[in-house]
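Participant: Sequence:
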Amino acid sequence: EEKSLMMNSLYALHDKLAQVAGEHECGSSIQRNLTVQEAAAYLKNLDPEYESVLNRALQWILNREEDVGIKCLSNDPNEMDVINVTDVKYLESTSPKMSFRCRFRRAFVNVTHRLSILFLGIAMVWGVLHYMKYRWAKEEEETRQMYDMVVKIIDVLRSHSEACSENKDLQPYMPILHVRDSLIQPQDRRKMGKVWSRAVDFLAANESRVHTETRRIGGAEFLVWKWMQPSAACDKILVIPSKVWQGQAFHLDRRNSPPNSLTPCLKIRNMFDPVMEIGDHWHLAIQEAILEKCSDNDGIVHIAVDKNSREGCVYVKCLSPEYAGKAFKALHGSWFDGKLVTVKYLRLDRYHHRFPQALTCNTPLKPSNKHMNSMSHLRLRTGTTNSQGSS
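Residue numbers for the sequence shown follow our numbering, so the first one is 1 and each next one is one higher.
Derived from the structure by calculation, the hints contain no laboratory data. One or more of the hints may lead you astray.
[What the hints assert, rightly or not] Okay, derived cross-link-like pairs now, DSS-like style, lysine-lysine, Cα gap no bigger than 25 angstroms in a straight line:
| # | residue 1 | residue 2 |
| --- | --- | --- |
| 1 | Lys44 | Lys89 |
| 2 | Lys44 | Lys16 |
| 3 | Lys326 | Lys138 |
| 4 | Lys307 | Lys267 |
| 5 | Lys168 | Lys191 |
| 6 | Lys339 | Lys243 |
| 7 | Lys152 | Lys307 |
| 8 | Lys329 | Lys344 |
| 9 | Lys243 | Lys307 |
| 10 | Lys370 | Lys243 |
| 11 | Lys133 | Lys366 |
| 12 | Lys344 | Lys370 |
| 13 | Lys152 | Lys16 |
| 14 | Lys194 | Lys339 |
| 15 | Lys326 | Lys267 |
| 16 | Lys152 | Lys133 |
| 17 | Lys97 | Lys16 |
| 18 | Lys71 | Lys133 |
| 19 | Lys339 | Lys226 |
| 20 | Lys3 | Lys16 |
| 21 | Lys152 | Lys97 |
| 22 | Lys133 | Lys191 |
| 23 | Lys329 | Lys339 |
| 24 | Lys133 | Lys339 |
| 25 | Lys329 | Lys138 |
| 26 | Lys194 | Lys344 |
| 27 | Lys71 | Lys191 |
| 28 | Lys89 | Lys71 |
| 29 | Lys243 | Lys133 |
| 30 | Lys243 | Lys267 |
| 31 | Lys194 | Lys138 |
| 32 | Lys168 | Lys267 |
| 33 | Lys89 | Lys3 |
| 34 | Lys152 | Lys71 |
| 35 | Lys326 | Lys366 |
| 36 | Lys71 | Lys97 |
| 37 | Lys226 | Lys194 |
| 38 | Lys138 | Lys71 |
| 39 | Lys339 | Lys138 |
| 40 | Lys267 | Lys194 |
Quick caveat: nothing in here was measured; it's all calculated off a predicted structure.
Produce the complete structure using the sequences and hints provided.
Facilitator: What follows is the structure, encoded as structure tokens:
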């Protein structure tokens, strides 16, 4: 009978503690547990006999190893396991009792919180990818502008050198700042400052025909550029005919070459100067030169020369991005007909929008003959180097 009385008191206490904990979880009460005195008063109010078995009930809870739905706590929050009944100060439910409305609201808040974290994570990843794409595009554009600036600087220095050969009164050098001021408008100099600095560094590291020195002009010292003409002996050995490949300007790395092939289409700049081209079929020589430079590439299926392009643009479509990547590495950063060739990837839909006839092109193109005329200068230079080495 006494055991039955103890169990009934535990059931009553369990329900009360579950209710208190549930109200706390649902936000309607700040109290999650009851003191031993509050629990005794509650049981006494239900049945005076319950109070007499409270200590036995607490000891029974402490002796049970499994969870019985009631947890005994002491005043010390760091004390996890209470052993003695005299140390028990609070009673707390391990299974709060909540209404359906409360459970639904908590579940909704929990799901909303998790979804918010998920969407925030997705937004952060998207933001990082978008920023990286922006940075890559900006760096690619700055690199293209740098190469264009290098070509313009070389044209200015070469033209000045030719003018000096005709007019002996001209100085054979040009102040670097004067070249900059002639190529960049005043309102654009701050915006183009980084492009200009990269072009100057590129010339210093990669262009042996441009010599940098210090000269006193008007009482002040200036850094100047001087175009170094090749010697007469070199002119006889290395005669550079028109429409030939003249070697690589720089080695490809992650700064000037994307790590992965992006699309199967390419846009190639500085392949020609439309003002200087003569005849009706000059564009065929441009196409032939590209095919000869990419003779080991079996994936080029369409080539289009924009005859009116001031930038000397040629468009190439390949069977796959892998073939386009191979063509990119073969062409980008090469000298062709005295011009620095640069390449960028072009989206397939934009290519087909401009050249709808390329939609059905799937037959690989090959050079029309085996003479490889556009590669003759490279073969000549290699042969000259080998003969000099053997001697």
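Participant: Next step is simple, just say for each hint if it's right about the structure.
Facilitator: Evaluation of the provided hints:
1. For the given pair, Lys44 sits about 18 angstroms from Lys89 by alpha-carbon distance, which is consistent with the 25 angstroms threshold.
2. Pair hint Lys44 plus Lys16 holds up; C-alpha atoms about 13 angstroms apart against a cutoff of 25 angstroms.
3. Restraint check for Lys326 and Lys138: the C-alpha separation of about 23 angstroms stays at or below 25 angstroms, so the hint holds.
4. Annotation: proposed proximity of Lys307 to Lys267 holds, straight-line Cα distance about 14 angstroms (limit 25 angstroms).
5. Of the supplied pair hints, the one linking Lys168 and Lys191 is violated, its CA atoms being roughly 37 angstroms apart against a limit of 25 angstroms.
6. Annotation: proposed proximity of Lys339 to Lys243 holds, straight-line Cα distance about 10 angstroms (limit 25 angstroms).
7. Restraint check for Lys152 and Lys307: satisfied, since their Cα atoms lie roughly 20 angstroms apart, inside the 25 angstroms limit.
8. Taking the CA atoms of Lys329 and Lys344, the gap is near 11 angstroms; set against the 25 angstroms cutoff, the hint holds.
9. About 15 angstroms separates the Cα atoms of Lys243 and Lys307, which keeps this hinted pair within 25 angstroms; it holds.
10. Between Lys370 and Lys243 the alpha-carbon distance is near 16 angstroms, which keeps this suggested pair within the 25 angstroms criterion.
11. The straight-line distance between the Cα atoms of Lys133 and Lys366 is roughly 35 angstroms, outside the 25 angstroms bound, and the hint therefore fails.
12. For the suggested pair Lys344 and Lys370, the alpha carbons sit about 28 angstroms apart, so the restraint of at most 25 angstroms is broken.
13. Among the hinted pairs, Lys152 with Lys16 is inconsistent with the structure: their alpha-carbon atoms are about 87 angstroms apart, more than 25 angstroms.
14. With a CA separation close to 22 angstroms, the supplied pair Lys194 and Lys339 stays within the 25 angstroms bound.
15. Our distance criterion of 25 angstroms between C-alpha atoms is met by Lys326 and Lys267, whose separation comes to about 14 angstroms.
16. Under the criterion of a C-alpha separation no larger than 25 angstroms, the hint pairing Lys152 with Lys133 is inconsistent with the structure, at around 28 angstroms.
17. Using a Cα cut-off of 25 angstroms, the hinted pair Lys97 and Lys16 holds, with the two alpha carbons roughly 9 angstroms apart.
18. The hinted pair formed by Lys71 and Lys133 fails the criterion: a straight-line CA distance of about 56 angstroms is larger than 25 angstroms.
19. As the CA atoms of Lys339 and Lys226 are separated by approximately 19 angstroms, the hinted pair is consistent with the 25 angstroms bound.
20. With a C-alpha separation of about 20 angstroms, the suggested pair Lys3 and Lys16 falls inside the 25 angstroms cut-off, and the hint holds.
21. Taken as a hint, the Lys152 and Lys97 pair is broken in the structure, with Cα atoms around 80 angstroms apart against an allowance of 25 angstroms.
22. Proximity of Lys133 to Lys191 is assessed by CA-CA distance (about 21 angstroms); at most 25 angstroms being required, the pair is judged to hold.
23. This hinted pair checks out: Lys329 and Lys339 have alpha carbons roughly 17 angstroms apart, not beyond 25 angstroms.
24. Restraint check for Lys133 and Lys339: the C-alpha separation of about 29 angstroms exceeds 25 angstroms, so the hint is violated.
25. Restraint check for Lys329 and Lys138: satisfied, since their Cα atoms lie roughly 20 angstroms apart, inside the 25 angstroms limit.
26. At most 25 angstroms may separate the alpha-carbon atoms for a hinted pair to count; Lys194 and Lys344 meet this at roughly 20 angstroms.
27. With a CA separation close to 70 angstroms, the supplied pair Lys71 and Lys191 exceeds the 25 angstroms bound.
28. Taking the CA atoms of Lys89 and Lys71, the gap is near 11 angstroms; set against the 25 angstroms cutoff, the hint holds.
29. Proposed proximity of Lys243 and Lys133 is contradicted: the alpha carbons are some 36 angstroms apart, above 25 angstroms.
30. Distance hint between Lys243 and Lys267 is fulfilled; the C-alpha atoms sit about 19 angstroms from each other, no more than 25 angstroms.
31. Proximity of Lys194 to Lys138 is assessed by CA-CA distance (about 12 angstroms); at most 25 angstroms being required, the pair is judged to hold.
32. Taking the CA atoms of Lys168 and Lys267, the gap is about 42 angstroms. The hint is violated against a cut of 25 angstroms.
33. Under the criterion of a C-alpha separation no larger than 25 angstroms, the hint pairing Lys89 with Lys3 is consistent with the structure, at around 23 angstroms.
34. Between Lys152 and Lys71, the direct Cα distance comes to roughly 83 angstroms. Violation of the 25 angstroms bound is thereby established for this hinted pair.
35. Taking the CA atoms of Lys326 and Lys366, the gap is about 15 angstroms. The hint holds against a cut of 25 angstroms.
36. Only pairs whose Cα atoms come within 25 angstroms are accepted, and Lys71 paired with Lys97 is accepted, the gap being roughly 15 angstroms.
37. For the suggested pair Lys226 and Lys194, the alpha carbons sit about 22 angstroms apart, so the restraint of at most 25 angstroms is met.
38. Using a Cα cut-off of 25 angstroms, the hinted pair Lys138 and Lys71 is violated, with the two alpha carbons roughly 63 angstroms apart.
39. At most 25 angstroms may separate the alpha-carbon atoms for a hinted pair to count; Lys339 and Lys138 meet this at roughly 23 angstroms.
40. Only pairs whose Cα atoms come within 25 angstroms are accepted, and Lys267 paired with Lys194 is accepted, the gap being roughly 24 angstroms.
Hints 5, 11, 12, 13, 16, 18, 21, 24, 27, 29, 32, 34 and 38, counting from the list given before, are not met by this structure.
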